[in-house]
Amino acid sequence: MKHVIHAEWTKFRTVRGWVVGMVVAIPLTVLIGLLGPAGDSFHCAGPNGQKCAGQSPPTGPDGTPVFDSFYLVHRTLTGDGAITARVAPLTGAEPWAKAGLIVKQSTRAGSAYAAVMTTGGHGVRMQYDYTEDIAGPVNARWLRLSRKGNTLTGAVSADRGHWTTVGTAQLDLGSRVEAGMFVSSPQHVERTQSFGDITEDGYPTSATTTFDEVTTDGEWRTGWHGTAVGGASEVVTTGMTEQDGRFRITGHGDITPIVAAGLGRNVENALVGVFAGLIAVLVVATLFATSEHRRGLIRTSFAANPRRGQLLAAKAIVIGGVSFVVGVVSAALSIPLVAELEVAKGFFLFPTSTGTEIRVIVGTGLLFAVAAVLAVAAGSLLRRGAGTVTAMTVGLVLPYLLAVASVLPAGPADLLTSVTPAAGFAIQQTLREYPQVSASYTPADGYFPLSQAGGFAVLCAYAVLATVLATFALRRRDA
Amino acid sequence: MRVRGVHAEWTKARTVPGTAWLLFGVVALTVLLGALASGAMPEGGDPAKSAFMGVTLGQAVVAILAVATVSGEYGTGMIRTTFTALPRRLNVLAAKGLVVAAMTIAAGTAAVLASAAMGDALLPNGLSLAAGPILRAATGSVLYLTLIALLSVGVAALVRDAATATGVVLGLLYLTPIVTSLVADPDWYARLQKLSPMTAGLAVQATINLDQQPISPWQGLGVLALWAAGALLAGAATLRLRDA
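Protein sequences appear in the order of chains A and B.
Here this note's numbering is used: the first residue of the first sequence is 1, the next is one more, and so on.
Here this note's numbering is used: the first residue of the second sequence is 1001, the next is one more, and so on.
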């Protein structure tokens, strides 16, 4: 086997066009990636040239960009304590309008918190630190949030007598915290999709509800006072009135992680050039398989090593290895270079950990490698260069194009990016889907229907199937 | 002389076993994707764009067909025989272009008519070719495919190798819309959409919100025609200057 691989490697490295094609894939990927931000210029009206408001949102305790604006009626709690209140139902509010009890590190937007709340359409929830969400019962009017040490417990009751724990959170909020009642109501969004364009129409909303029977345990200081966390809205009036221990609170905003990619740039955006690089790699991989058939060299190869399956395996190993390196280098260069240009152009970048970046870089290498193996197998099967390249491009790039350039509605777009080899691009996804945030999770927004591993497995399945068929065909057919 | 060249090219195209399959592929894939898109058209969608969306897939097969007529001869060495018989190389290229264009018009017309019939059956409000804009979209789609064929002939004459030529053509067609979709600046977005051969060319299929399109239907097809002319010119120049 070793000498077969060596022979294939020699074939590859001595054809100048193939080596050039593979090398060119790298700058191609990087340059196309740079094209996106290069064409953009943000015109910010900041007085001192600072970034536009809203362009760099606050970040949560773990660095996730978040929305954190709501109306808070609060007091300062020191040490352990609890707050109990009865909340009137949010009727006619947005499904994710929230009203409940919260313990928050400070009134600074983005600070750590834990909250138990009723919602407009999703029952009672316990949420903390933006990303975490625990569902509770659908109907419960009494809420209680207690803190003991670093443990925060949210509980609900229908009658104030019998309490059910919704969830607990371990948070180190420090000794002094702001705690109390809050109301939020997100933007109302209506998405209409027509060809090539998704238009989002929306307007800000507010929700109003009443809290009464408010009782507190522990060491609470100051009187109840209201704060519009995250800044007061310019369009919606929010605030609080108190009468005989009944608090009527109107709030606006939301407390969630940001998911809409439109607000910033993510790693996937930097890798758009991968499509160009991949086409170059696919052409070389195809030629690596089909040229032998066209030139008749295949007969010499089979004479030298009659075990035909080995030849295909050796080709797959050589081209897969080269493509892996090309993919890794392309991604490793694209991500920092594109990010630098995006920052210079004033974009907000979704923060990604080094671990995630490495995963995406290696993932791109694997994507290139498996796609190249698929091309070699398909090339051996079809023996036609043009047909193979077209099949590869149509299988890998066209579904993504139809889904991402949003020509197709979400349903068929999801279908195409799950069953075609293009599902493999899921391996590059870095954005996380949050069930507690209603947003559009389509390929056009950077969300693939399958998980990273699942999507990649689909591509691998295609490669395995093609390799098996090609081995079978090579054995049976005349060379 | 020209007629004999065309006749020779026609004989070659006719007798290669793949041609019939490829022409069938153009029709089948175009109709298939068109039916999928028509069945799933969202409210407020463009009926003509849905019905004829299959063109985005069918064009890939048109590219194979067109590339094969040029690159196939380089692959087998047949090109030297061809040039010995017909030493005026530009005539050969013109004959190839003519034959490929004729085949594409035939297959494209069949594909578009079948897509229109599918669209009529699957779209909520049907689709009638009698309506002016729909007829323009249908005719434009056939012309679009024809221009893609000519573009592919030009690129194939330029790079010779079949796999590489298909890669270049499909890369040019499919990559530009993906890159464009990432550009946030509206001016640049519109500019790139006007220049991209696929997006501009397919503007001919738009029948609603015409004022919001980046380019008017026939102008868009004109942009694609310029791309095809450019590729043919570059191909012709290389063909004349290089050894066969």
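Hints listed in this document are in silico derivations from the structure and should not be mistaken for laboratory results.
Worth double-checking, as some hints may not be accurate.
[As the list claims (entries may be wrong)] Distance ranges between label pairs, derived from CB positions:
(1) A:432 - B:1010: 55 to 61 Å
(2) A:468 - B:1010: 52 to 58 Å
(3) A:419 - B:1216: 33 to 39 Å
(4) A:343 - B:1244: 48 to 54 Å
(5) B:1132 - A:88: 46 to 52 Å
(6) A:411 - B:1020: 30 to 36 Å
(7) B:1139 - A:300: 32 to 38 Å
[As the list claims (entries may be wrong)] Heads up, incomplete: computed chain A residues facing chain B, CB under 10 Å, no partners named:
(8) 171
(9) 335
(10) 404
(11) 450
(12) 452
(13) 453
(14) 454
(15) 457
[To be verified] If we take Cβ atoms under 10 Å as the criterion, some of the chain A residues that face chain B in the derived model are:
(16) 13
(17) 17
(18) 161
(19) 165
(20) 167
(21) 388
(22) 447
(23) 449
For glycine and all other residues, C-beta sits at the position ideal for the given N, C-alpha and C.
Do the hints match the structure? See the list:
no., hint, verdict
1, A:432 - B:1010: 55 to 61 Å, "holds, 58 Å"
2, A:468 - B:1010: 52 to 58 Å, "violated, 40 Å"
3, A:419 - B:1216: 33 to 39 Å, "holds, 37 Å"
4, A:343 - B:1244: 48 to 54 Å, "holds, 52 Å"
5, B:1132 - A:88: 46 to 52 Å, "violated, 59 Å"
6, A:411 - B:1020: 30 to 36 Å, "holds, 35 Å"
7, B:1139 - A:300: 32 to 38 Å, "violated, 52 Å"
8, 171, "violated, 37 Å"
9, 335, "violated, 15 Å"
10, 404, "holds, 6 Å"
11, 450, "violated, 19 Å"
12, 452, "violated, 20 Å"
13, 453, "violated, 24 Å"
14, 454, "violated, 22 Å"
15, 457, "violated, 24 Å"
16, 13, "violated, 19 Å"
17, 17, "holds, 8 Å"
18, 161, "violated, 50 Å"
19, 165, "violated, 44 Å"
20, 167, "violated, 38 Å"
21, 388, "holds, 7 Å"
22, 447, "violated, 15 Å"
23, 449, "violated, 15 Å"
Hint violations for this structure: numbers 2, 5, 7, 8, 9, 11, 12, 13, 14, 15, 16, 18, 19, 20, 22 and 23, all remaining hints satisfied.
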